[in-house]
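As a plain string of letters, each chain reads:
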Amino acid sequence: MSAALFEYTLRLGDDALIDGQRLSEWCGHGPFLEEDVGVANTALDLIGRARLLLAYAGTVEGKGRGEDDLAYTRDEREWRNVLITELPRGDFAFTTVRQFLLDAFNRQLYERLCLSLDATLAGIAGRAVKESEYHLRHTGEWVLRLGDGTRESNRRAQRALDDLWPYTAELFESDPVQEQMEAQGIAPATASLRAAWLHTVEPPLRSAQLMIPGNTWPQTGGRQGMHSEHMGFLLAEMQFVQRAYPGQAW
Amino acid sequence: MATNGPTPDIDRARDIVSRIKDPEIPVLTIADLGVLRDVGVEGHRLVVTITPTYTGCPAMKAIEDDIRATLHGAGYHNVEVRMQLSPAWTTDWIEERARRKLEAYGIAPPRPVGSRGPIHCPQCRSTNTECISEFGSTACKALYRCLDCLEPFDYFKCI
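Here the protein sequences come in this chain order: A and B. Residues in the first sequence are numbered from 19 upward in steps of one, following our numbering. Residues in the second sequence are numbered from 23 upward in steps of one, following our numbering.
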């Protein structure tokens, strides 16, 4: 097995699953019916993506762990998602701005991953890029509506952007795993990814009258399993059934 | 019938599988949708290849189960359902005949990928329509409304 490929695939899968889990918390709590359905549908796409990625990670690892083992029996320190995905859902502006930043990232990442020399990741990316492009169209419209809406909606969207921005640096962090994947032609280079991402998010934020914060202190640690205080609560809820009834299936 | 013995009757199997309906849109078969990619034989095993529409679409599991159950019922016991991700599914794979069936069922068919043409109301054919929500009752649909006959309708998302 390739330890770096396992680690890299796990990162992709964990980002998708934790983002999907947070979004799914809105199911039944959306501000109105159409948006309730919209957020839940996006969550479904992300969880579906996570299933494919975690199943593949299990295959790469070669120890017989499947998608469910990886999703439901890993402890906090074994999770590799970026911190931005695990932050509590906050208000609708916070969820929307976070999803917009992540959709733009996923759109760029998976477009490049379509050219990955790893055929399975390239295949998953071909599906994922179309979905993220659709999600981005949806969250982009909402960012405009909230940012350039009322004084209250602008205030909330700006506050969300200020709180979230320091967490975006982690999306472009490099380390030996990332470098090895880049060298093998499996992962795209983080530097060009960051430029493309900025190019995607800046114009809509500007049109929405939202100001990108200046220099901020980057919040990182997720890739090494160092999570925020919110992660344990999220896992407790997500993993409860498998922890209480190990191996239970239906 | 074909278990581990003789080579499975491929033409009959292909005919049976291509008539399986989509669980959410029962006017379309999985062949109409472009989900069914191939029916083949490897040794004594029948291999059915399908491509998911959306990665999170819950119907994919139902389709897989339907294929297995239908083939078992027809005497095919050595069956593998294989998920093929690449090339990624696109609404352009839905053929003209299937588009007409969708519309008759009350779902506006997807535009060709990249097209910006109008979306027709499946009830009165008016092009005076607007999007209510980018997402609808299933992963593959958006919600629209006709501004002439005032009926809401599902639009099959173009992807």
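There could be a bad hint or two in this list.
[Unchecked claim] Rough simulated footprint, nothing fancy, chain A against chain B, three-plus residues with beta-carbon under 8 Å: (1) 73-80; (2) 170-176.
[Unchecked claim] Far from chain A, some chain B residues (derived; all Cβ distances over 10 Å): (3) 109; (4) 134; (5) 165.
[Said to hold, decoys possible] Short, incomplete list of chain A residues facing chain B, as computed with Cβ under 8 Å: (6) 24; (7) 25; (8) 55; (9) 56; (10) 62; (11) 65; (12) 167; (13) 170; (14) 171; (15) 173.
Source of the hints: derived by calculation from the structure; they are not laboratory data. All of these numbers come straight from a predicted model, not from anything done at the bench. Backbone N, C-alpha and C define an ideal beta-carbon position, used for all residues, glycine too.
Going down the list of hints, with the structure as the test:
no.	hint	verdict
1	73-80	holds (count 6)
2	170-176	violated (count 0)
3	109	7 Å, violated
4	134	15 Å, holds
5	165	7 Å, violated
6	24	19 Å, violated
7	25	21 Å, violated
8	55	5 Å, holds
9	56	4 Å, holds
10	62	4 Å, holds
11	65	6 Å, holds
12	167	18 Å, violated
13	170	23 Å, violated
14	171	19 Å, violated
15	173	25 Å, violated
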